[in-house]
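Chemist: Protein chains in written order, with the working numbering: chain A, 1 to 141; chain B, 142 to 289.
Note that these hints are calculated values from the structure, not bench results.
A couple of the hints might just be wrong.
[To be verified] Each computed DMTMM-like pair below joins lysine to aspartate or glutamate, with the alpha-carbon atoms no more than 20 Å apart:
id: 1; chain 1: B; residue 1: K165; chain 2: A; residue 2: D34
id: 2; chain 1: B; residue 1: K165; chain 2: A; residue 2: E124
id: 3; chain 1: A; residue 1: K104; chain 2: A; residue 2: E70
id: 4; chain 1: A; residue 1: K104; chain 2: A; residue 2: E124
id: 5; chain 1: A; residue 1: K129; chain 2: A; residue 2: D116
id: 6; chain 1: A; residue 1: K129; chain 2: B; residue 2: E265
id: 7; chain 1: A; residue 1: K129; chain 2: A; residue 2: D80
id: 8; chain 1: B; residue 1: K254; chain 2: B; residue 2: D147
id: 9; chain 1: A; residue 1: K129; chain 2: A; residue 2: E15
id: 10; chain 1: B; residue 1: K254; chain 2: B; residue 2: E243
id: 11; chain 1: A; residue 1: K129; chain 2: B; residue 2: D229
id: 12; chain 1: A; residue 1: K104; chain 2: A; residue 2: D123
[To be verified] Among chain A residues calculated to face chain B with C-beta under 8 Å, some are:
id: 13; residue: M1
id: 14; residue: R27
id: 15; residue: Y28
id: 16; residue: A31
id: 17; residue: G33
id: 18; residue: G57
id: 19; residue: M61
id: 20; residue: G73
id: 21; residue: W77
id: 22; residue: V78
id: 23; residue: Y81
id: 24; residue: V83
id: 25; residue: L90
id: 26; residue: V94
id: 27; residue: G96
Fair warning: this is a prediction, and the values are worked out from it, not measured in the lab.
C-beta atoms are modelled at their ideal positions from N, C-alpha and C, and glycine is treated no differently.
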Amino acid sequence: MISTSSITVGDIVAEATYALSRDSLVRYAGASGDFNPIHYRDDVAVSVGLPGVLAHGMLTMGLAVQPVVEWLGASGWVSDYQVRFTRPVLVDPVDGATVTVVAKVGSVEESAARIDLTVTFNDETVLGKAQVHVQMRTTFA
Amino acid sequence: MPVNPDLQGRVFDPVPPYLVGREKVREFARAVFATSPLNFDPVAASAAGFSDVVAPPTFAVVVQEATLAQLLAEPDAGIDFTRVVHGDQRFTYTRPIVAGDELTATLAVTSIKSLGGHSMVTAESTIVDASGEHVVTAISTLVVRGDE
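Using the sequences and the accompanying hints, generate a full structural model.
Modeler: This is the structure we're talking about:
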C-alpha cells in the first residue's frame with residue numbers, strides 16, 4: 001500500500017508513454033459520445049483551419065491521469081483533477097502520436113497529496129496546470 | 142453574435158438522470174488506456190470497498206455532456222458551436238463514481254469574461270446521486286472565438 005509518509009515533494013511516482021492512433025480516437029469518440037468530426041475526418045479538420053485530425057482534449061486528459069491511478073491502486077482515489085488545454089495533439093493517420101506523461105509529487109499532506117503532471121507530445125507540453133489531488137483511503141468509506 | 146453576458150449566474154433545469162452501467166465504465170476505461178482492476182473487475186472493486194467497478198476520473202464528462210448541450214442550445218446564449226474551444230477542465234469529487242450510480246447533473250453558468258475579442262464561459266455541472274448526495278462537480282471553461 002502507498003502512503004503519504006513514503007513520498008516527498010519532487011518524487012516522480014509514475015511515468016508512461018501512450019501510442020495514440022486514429023483507432024484510439026474513434027474508440028474514445030464512441031466511449032465518450034463526443035463525435036466532433038475534427039477527431040476522425042481530415043477534410044473536416046482542414047476545413048476549419050486545423051493542420052489535421054486532433055485527439056480529443058478529454059482523451060489526453062483522461063489518459064494522462066492513468067499513471068497516477070495505476071500507482072495508487074486501492075490505496076487512494078483521485079478527488080480532484082484539473083488541466084488547461086494548451087496545445088493540440090495532432091494524430092497522423094499512419095504514424096499516430098506519442099504522448100508522454102511524468103507524474104511528480106507537488107505537495108503532501110497527512111492523508112492527501114497533489115501530483116503534478118507533465119504531458120508532452122513532440123517535446124512540447126500539451127496540458128498546462130495539470131494537477132491531480134489524491135486522497136488516501138483512510139479518509140474514505 | 143457575442144456571448145450574452147446575461148448568461149452569467151443562470152441555472153438550468155437538471156438533465157434526466159444518467160444510470161452508470163458496468164459495461165459503459167469498462168468501455169470508457171479501455172478508451173482512456175486504463176489498466177486498474179478496479180475499473181474492470183467487480184471482485185477487485187469489492188475487495189477495495191466499492192459496490193461495483195469504479196469509473197476513471199474523467200468519466201464524469203459523459204454525464205456532464207448533456208448539460209453542455211443544454212448551454213449550446215440555449216436560444217439567447219449567442220454561443221456559436223463552431224467557434225468553441227475547450228480551454229480548461231476540472232473535476233472535483235466527493236467520492237468516486239461507481240457502476241450502478243444514478244446521477245443527475247445541473248448546470249450553472251458561473252462566469253462570462255471577455256478577453257481580447259474572445260469570450261470565456263465557465264460552466265459548472267453539479268452531479269448528485271439518487272439520494273441527492275454530491276458526487277462530483279465538473280467545471281469547463283469554453284473559449285468562444287470572436288470574429289477574426
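Chemist: Does each hint hold? Answer for all of them.
Modeler: Going through the hints against the structure:
Of the supplied pair hints, the one linking K165/B and D34/A holds, its CA atoms being roughly 14 Å apart against a limit of 20 Å. In summary, the hint linking K165/B to E124/A is not supported, as the alpha carbons are separated by about 33 Å, beyond the 20 Å threshold. Between K104/A and E70/A the CA atoms are separated by roughly 14 Å; this keeps the pair inside 20 Å, and the hint holds. Pair hint K104/A plus E124/A holds up; C-alpha atoms about 17 Å apart against a cutoff of 20 Å.
Between the alpha carbons of K129/A and D116/A the distance comes to roughly 8 Å, so the proposed pair stays at or under 20 Å and holds. This hinted pair checks out: K129/A and E265/B have alpha carbons roughly 19 Å apart, not beyond 20 Å. At most 20 Å may separate the alpha-carbon atoms for a hinted pair to count; K129/A and D80/A meet this at roughly 13 Å. Using a Cα cut-off of 20 Å, the hinted pair K254/B and D147/B holds, with the two alpha carbons roughly 11 Å apart.
Using a Cα cut-off of 20 Å, the hinted pair K129/A and E15/A holds, with the two alpha carbons roughly 17 Å apart. Taking the CA atoms of K254/B and E243/B, the gap is about 34 Å. The hint is violated against a cut of 20 Å. With a CA separation close to 9 Å, the supplied pair K129/A and D229/B stays within the 20 Å bound. The suggested pairing of K104/A with D123/A holds, with an alpha-carbon distance near 18 Å, which does not exceed 20 Å.
Look at M1/A: its Cβ only gets to about 11 Å from chain B, farther than 8 Å, so that hint breaks. Hint status for R27/A relative to chain B: holds, with the closest Cβ pair at about 5 Å, below 8 Å. Taken as an interface hint, Y28/A checks out: its beta carbon lies about 4 Å from the nearest beta carbon of chain B, inside 8 Å. Look at A31/A: its Cβ gets to within about 4 Å of chain B, closer than 8 Å, so that hint holds up.
For G33/A, the shortest C-beta to C-beta distance to chain B is roughly 6 Å, which falls under 8 Å, so the interface hint holds. The interface hint given for G57/A holds, since its Cβ lies 5 Å from the closest Cβ of chain B, which is under the 8 Å cut-off. Among the interface hints, the one on M61/A holds; its C-beta lies about 6 Å from the nearest C-beta in chain B, closer than the 8 Å criterion. About 7 Å separates the beta-carbon of G73/A from the nearest beta-carbon of chain B, less than 8 Å, and the hint is met.
Interface restraint check for W77/A: the shortest CB-CB distance to chain B comes to about 5 Å, inside 8 Å, so the restraint holds. With a least beta-carbon distance of about 4 Å to chain B, the hint placing V78/A at the interface is held under the 8 Å criterion. Hint status for Y81/A: holds, given a least beta-carbon distance of 5 Å to chain B, under 8 Å. Hint on V83/A holds. Least Cβ distance to chain B is approximately 6 Å, under the 8 Å limit.
A distance limit of 8 Å between C-beta atoms decides the matter here; for L90/A the minimum to chain B is near 15 Å, and the interface restraint is violated. Look at V94/A: its Cβ only gets to about 20 Å from chain B, farther than 8 Å, so that hint breaks. Contact between G96/A and chain B, as hinted, is not supported at the beta carbon level, the nearest pair being about 13 Å apart and thus beyond 8 Å.
Violation of the numbered hints given earlier is confined to hints 2, 10, 13, 25, 26, 27; the remaining hints are satisfied by the structure.
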